[in-house]
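Student: These protein sequence lines are chains A, B, C and D, in that order.
For what it's worth, my numbering labels the leading residue of the first sequence as 1, then goes sequentially.
For what it's worth, my numbering labels the leading residue of the second sequence as 1001, then goes sequentially.
For what it's worth, my numbering labels the leading residue of the third sequence as 2001, then goes sequentially.
For what it's worth, my numbering labels the leading residue of the fourth sequence as 3001, then goes sequentially.
Read the hints as simulated data drawn from the structure, not as lab findings.
Glycine included, each C-beta is placed from N, C-alpha and C at the ideal position.
Be aware that a few hints might be false.
[Unchecked claim] Cβ pair distances, simulated, as ranges: (1) C:A2129 with A:V196: 49 to 57 Å; (2) A:V196 with C:I2141: 30 to 38 Å; (3) D:D3015 with C:K2140: 25 to 33 Å; (4) B:T1005 with C:K2222: 51 to 59 Å; (5) D:K3007 with B:C1156: 42 to 50 Å; (6) D:D3200 with A:E215: 24 to 32 Å; (7) D:E3093 with A:K136: 35 to 43 Å; (8) C:A2129 with A:K136: 18 to 26 Å.
[Stated by the list, open to error] To give an idea of the interface, some chain B residues facing chain C are shown, with a C-beta separation under 10 Å as derived from the structure: (9) M1075; (10) G1094; (11) C1145; (12) S1151; (13) M1216.
Here is how the chains run, residue by residue.
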Amino acid sequence: MLDKTQIAKRIAREVKDGMYINLGIGIPTLVANYIPKNINVVLQSENGLLGIGPFPLEAEVDADLINAGKQTITMMPGSSLFSSAESFGMIRSGKVDLTILGAMEVSEEGDIANWKVPGKMVKGMGGAMDLVASAKNIIVAMQHCSKEGASKLLTCCTLPITGLRCVKRIVSDLAVLDIIPGRGFQLLERAPGVTVEQIKNATEGKLFIQGEIPEMVL
Amino acid sequence: MLDKTQIAKRIAREVKDGMYINLGIGIPTLVANYIPKNINVVLQSENGLLGIGPFPLEAEVDADLINAGKQTITMMPGSSLFSSAESFGMIRSGKVDLTILGAMEVSEEGDIANWKVPGKMVKGMGGAMDLVASAKNIIVAMQHCSKEGASKLLTCCTLPITGLRCVKRIVSDLAVLDIIPGRGFQLLERAPGVTVEQIKNATEGKLFIQGEIPEMVL
Amino acid sequence: MVNKVVKNADEAVKDIPHRATLMLGGFGLCGIPENCISAILKSGMTGLTCISNNAGVDDFGIGLMLKTRQVKKMISSYVGENAEFERQLLSGELEVELIPQGTLAERIRAGGAGIPAFFTPAGVGTEVAKGKETREFNGKIYLMEHWLRADFSLVKAWKGDTAGNLIYRGTARNFNPMMAEAGTITIAEVEELVPIGTLDPNSIHTPGIYVHRIFQGVNYEKRIEQRTISNLKI
Amino acid sequence: MVNKVVKNADEAVKDIPHRATLMLGGFGLCGIPENCISAILKSGMTGLTCISNNAGVDDFGIGLMLKTRQVKKMISSYVGENAEFERQLLSGELEVELIPQGTLAERIRAGGAGIPAFFTPAGVGTEVAKGKETREFNGKIYLMEHWLRADFSLVKAWKGDTAGNLIYRGTARNFNPMMAEAGTITIAEVEELVPIGTLDPNSIHTPGIYVHRIFQGVNYEKRIEQRTISNLKI
């Protein structure tokens, strides 16, 4: 089973040179740390920046420069700043190549639920609904099962939906899976030491397995 | 009867301190020359400038600085530059206080025709339809009659319409008139030496005359 | 020239009536109109509807206006990190309307651009779509959304001139430019108010036509929510 | 980093196919992509649909592409001052679609912002409204208009960097920023191409994400249509 860092590492391997990428809060943010040095990407922050750099040194901290998680950041050379309307314009028009975000549940159709748990305080969807409705390529970082052992890869989401038929790939602590219309979750890779049987048991939605499933390389 | 310069002078008296104004091509452009020095206004050019200044000196001519009539211009202190989308955004949302433009015909309901003459080469409406659809206050500078003596202040426009029920005031070579819903053209002022009878004869649409009509002050 | 410059925040907000609809710029605590918020706390108008991406934190930003019970309704995309907010919401004292962030930004932009309604894919199939018209364009489903406008927009910029032209700094721009455009009355507070003719016309973010009142703010705290630091420069 | 820099206009436009839909920035002859137009004249693709506010003059700008009969259709707001244009239009060789300037600007902006349709008051009650859906909002009638997108957008900026960030100058900005956003492939020609990190991120007009190819243009003529001069400084 992968820990959070390993999930981030595995997702970093999906990143291609020249991509514009939006990273959600949590594990997705960690992905930036594992992108190989020879691959140059531009990270978008939906509050109005292309070109997120590393966290600032103590002396560089600037209250006017934060990411969507409200963390202090720096800017890379070649950055640009813009309004929230411009930012979501580029998201809606498909200019962002890859969106990586977390999820509470994903359905075999690619529906995603990640913003609201009935009975718990609702904090709001932020930019998640805009991102999932428009992104060309969405990779989800998530735990395969809840702490109680219930699968989060479902036939249908039980939680309120964030977006329909939008997730393309999942990297969970157990596996890498693609969502193929009609087939459901197609198993691509197993986490080191995890068996296909374990993944089958942990997946409530339709699981499609073809041939030998390799162990993932981290 | 007023000449073009006098029409512009009379319209200049409608201008109030602090107004943002869009001036159309032709007589409206001349209005800028007759705004009193103690009145400060900001002229909008729909190709992306607030703060049109006078024509440049020979040495100041800049191909990157033109007005909507494609004439070389300068910028006043406090100017701002923006895109055409931003420019028409401020027009549509009613931020421009006064729009002054020319017309071929105006109806007693305030409809305006100023972009197309059937049988003649169509050049396009440019920004006229956007301006008349959204401006809070539209003053039209026009000739009361055609060269052939036909009235241009009509019951209904005969030419293709630019916008419906939008003109608030007309300054013609013969008179100043307001358009009052239900009343038609309300005569406010006569050009020097012009009689009410002459104006009656030159106005095909409904003309509303109340009390003594003063001669205009230029 | 009509004078847009007012002395301070107190003067700028003094005619905001009870039950007004306000827009307040900022993302988190970044780029919020700190001085205007303080003045609203002092002048005590109540029943306000506040349109702002977030609702501040317990002891800063709009959070302070919640504490004084001046806010009747919040229209936001994300309202976490605020215990008082949660308490008022659960007790029914506070109404909340949650809107996807991009839809919120675009609805405000539409308000300022004279576009009464538009179509967006965000929220299709979710509870956000309830009661909204949907339509298919090129095989994809979209929701119809309406513009948002405000009686007063309160924005914060870095520099401004006496004609009302504004320049924002860094990611403190966020919702401020659209809100400046969508207010019937727009009040801008700036860190530095400069004479007309000082700012480069080519670098203005908000043209002065949108700004009705402007003043140089004081004592900016610019509080940071998540102070994240690198140990070494990468 | 994927390299966006191309050698010149010829290289930038070489894969534009016959019958492509192009957007070309500029208002009149101000801010037009002179180098790209020259390259299109040389490479000879035909049947083009050109979206541009104007159609140039007889011997400059898009007017040159009309002379070579490369344009099948113009989508513009104003097409005066062009005798060849008039001849082709009257003879039926050229299709023309006239759109109110603000609607044109907003339709292109919508294309780049992922908004498939929106409502505007411009053109209500006119021949522009023919066949279009109308709807009332707050007592006023609006037309529904659709986004415009292009296979290739050709824009001209003052400065650009190798990441594709653009800064325009003066009123040469006009339609260029929206067109940059609405192109499937956007080609930017700039007067000065600078290294990454040279431009102030706070002053960028078009973020590099929208620009796919960029080059430093040569021999800009920047022709003036109406050279109006003051005799003395006012």
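Student: Output the numbers, in ascending order, of every earlier hint that fails for this structure.
Tutor: 1, 5, 6, 11, 12 and 13
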